[in-house]
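Trainee: Sequence:
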Amino acid sequence: MVGVAFVLVLIQEAVSLRLGTIAPHDYFSPTVQAPTALGAFVLTFILVSPSARVRILILGLGIEGARILLQVATGRPLLNLVLFPGFGLGVASWGYLAWEVLATRGAERQRNIDLLAAALAFPLGNLLMWPSVFGSIPFLPVLFDGVLLRLDATLGFQPAAAVGALFREVPPLFALHLFVYVQLPLAMCVIAGLEARSGRRLGIGLIPVSLAAAGIGYAFYLAVPAVGPRPVFGDGFAEAMRGLAVMPAEPVVNTTHPRNVMPSMHVTWALLILLAARLHGRRVLIGAALFALGTALATLGLGEHYFVDLVVALPLVLLMRGLGANGLAMARGERWGAVALGVALLAGWALIGRGVIDPTTRAGLAPMLMAATAFACIAAERTLFRAERGLRAAPALPIRVPVGRLG
Numbered sequence: 000m001v002g003v004a005f006v007l008v009l010i011q012e013a014v015s016l017r018l019g020t021i022a023p024h025d026y027f028s029p030t031v032q033a034p035t036a037l038g039a040f041v042l043t044f045i046l047v048s049p050s051a052r053v054r055i056l057i058l059g060l061g062i063e064g065a066r067i068l069l070q071v072a073t074g075r076p077l078l079n080l081v082l083f084p085g086f087g088l089g090v091a092s093w094g095y096l097a098w099e100v101l102a103t104r105g106a107e108r109q110r111n112i113d114l115l116a117a118a119l120a121f122p123l124g125n126l127l128m129w130p131s132v133f134g135s136i137p138f139l140p141v142l143f144d145g146v147l148l149r150l151d152a153t154l155g156f157q158p159a160a161a162v163g164a165l166f167r168e169v170p171p172l173f174a175l176h177l178f179v180y181v182q183l184p185l186a187m188c189v190i191a192g193l194e195a196r197s198g199r200r201l202g203i204g205l206i207p208v209s210l211a212a213a214g215i216g217y218a219f220y221l222a223v224p225a226v227g228p229r230p231v232f233g234d235g236f237a238e239a240m241r242g243l244a245v246m247p248a249e250p251v252v253n254t255t256h257p258r259n260v261m262p263s264m265h266v267t268w269a270l271l272i273l274l275a276a277r278l279h280g281r282r283v284l285i286g287a288a289l290f291a292l293g294t295a296l297a298t299l300g301l302g303e304h305y306f307v308d309l310v311v312a313l314p315l316v317l318l319m320r321g322l323g324a325n326g327l328a329m330a331r332g333e334r335w336g337a338v339a340l341g342v343a344l345l346a347g348w349a350l351i352g353r354g355v356i357d358p359t360t361r362a363g364l365a366p367m368l369m370a371a372t373a374f375a376c377i378a379a380e381r382t383l384f385r386a387e388r389g390l391r392a393a394p395a396l397p398i399r400v401p402v403g404r405l406g
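Residue numbers (numbering that gives the first Met the number 0): 0 to 406.
It is worth saying that the hints were derived from the structure and are not from the lab. It cannot be assumed that every hint is accurate.
To be verified - Here are the in silico distance ranges between beta carbons for each label pair: (1) A346 with V53: 48 to 54 Å; (2) M329 with R361: 20 to 26 Å; (3) G336 with T73: 52 to 58 Å.
The beta carbon of each residue, even a glycine, is placed where N, CA and C say it ideally should be.
Let's have the full structure, built from the sequences with the hints guiding it.
Mentor: Right, here's the structure in full:
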């Protein structure tokens, strides 16, 4: 799997250079990869032995210390180190796991390979996803931000403007939610580590279903290209959008920002984390719920998304839950029903997002559709979850490492 991913990264590098767009090598910086590195460290820390944890910590803190000294010596701001910590810890984890792969044999080596592959999933996914999103910009010049803004306006206010104004008035809230927003890999790796350690998981597991969701979300970005409030209105988007019901000029044409708005993948992943957390105790569930709430607020308050983007994340979550519920036969109504409903709702919202269907022409229709989407998705997922709970849990994949046995 890792080898295939590296080949795909090389192909993406060649294609991006040919198109003149952002390439994977642009994402090799410690700041950009720090969230994925910190997530890899947490995943590794959960699954290796206590002695291995000490070795990784010593090496990782040494690398992180060198990073801090380099930042100070070059006169660069230290804020990035506060908001994006942990790169050294991640490098230490990857290095330790690579060494263990070379130093072990048999079943132990396979376990090390599985863990290394999982720890590399996020940085490699980062290198593949973002250049792909940026590479689509020249082919998607016309955007549908105007449609999404009108849909939000039917709520009687602009949610992104309201949360954005709050963040502007209370800077610590802005900093907190920015940190939450970029630490998605960390939260995901915590749950993935608990899945691997306990053997309790939903369907195929959090990491595989999240990677698959990214592919479907990317396809949706191509279907409904939009850039979000901040790229359209600038850093003062909260003031510019307040009370706005129609985009000042349509269609919006913007060639500098990625088309990654509908659905919100951050909210999609945060909800998948929340659903997976149900199997790991009340404290984990509460933490996941707070993280999901913080992520939702961050997507709005940072100007990355419209509220309707968060709504459309729900059918994508439902679709992924249905596709990933491999413990149930597809013939079971709970599973194919979730898949069918997710596909139908995504298709419907794609037509709405492109303006083919316009629910804003009737008062109250758009909010009603948003509420109905949320209700239907929650009900279908609960039905699917009840069916899954009746089955014996399968071992977590792709990592098969009991805690304390590795290293």
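Trainee: Confirm or reject each hint.
Mentor: Here's how the hints hold up against the structure:
no.	hint	result
1	A346 with V53: 48 to 54 Å	52 Å, holds
2	M329 with R361: 20 to 26 Å	37 Å, violated
3	G336 with T73: 52 to 58 Å	56 Å, holds
In summary, the structure is inconsistent with hint 2 from the numbered list given earlier, while agreeing with all the others.
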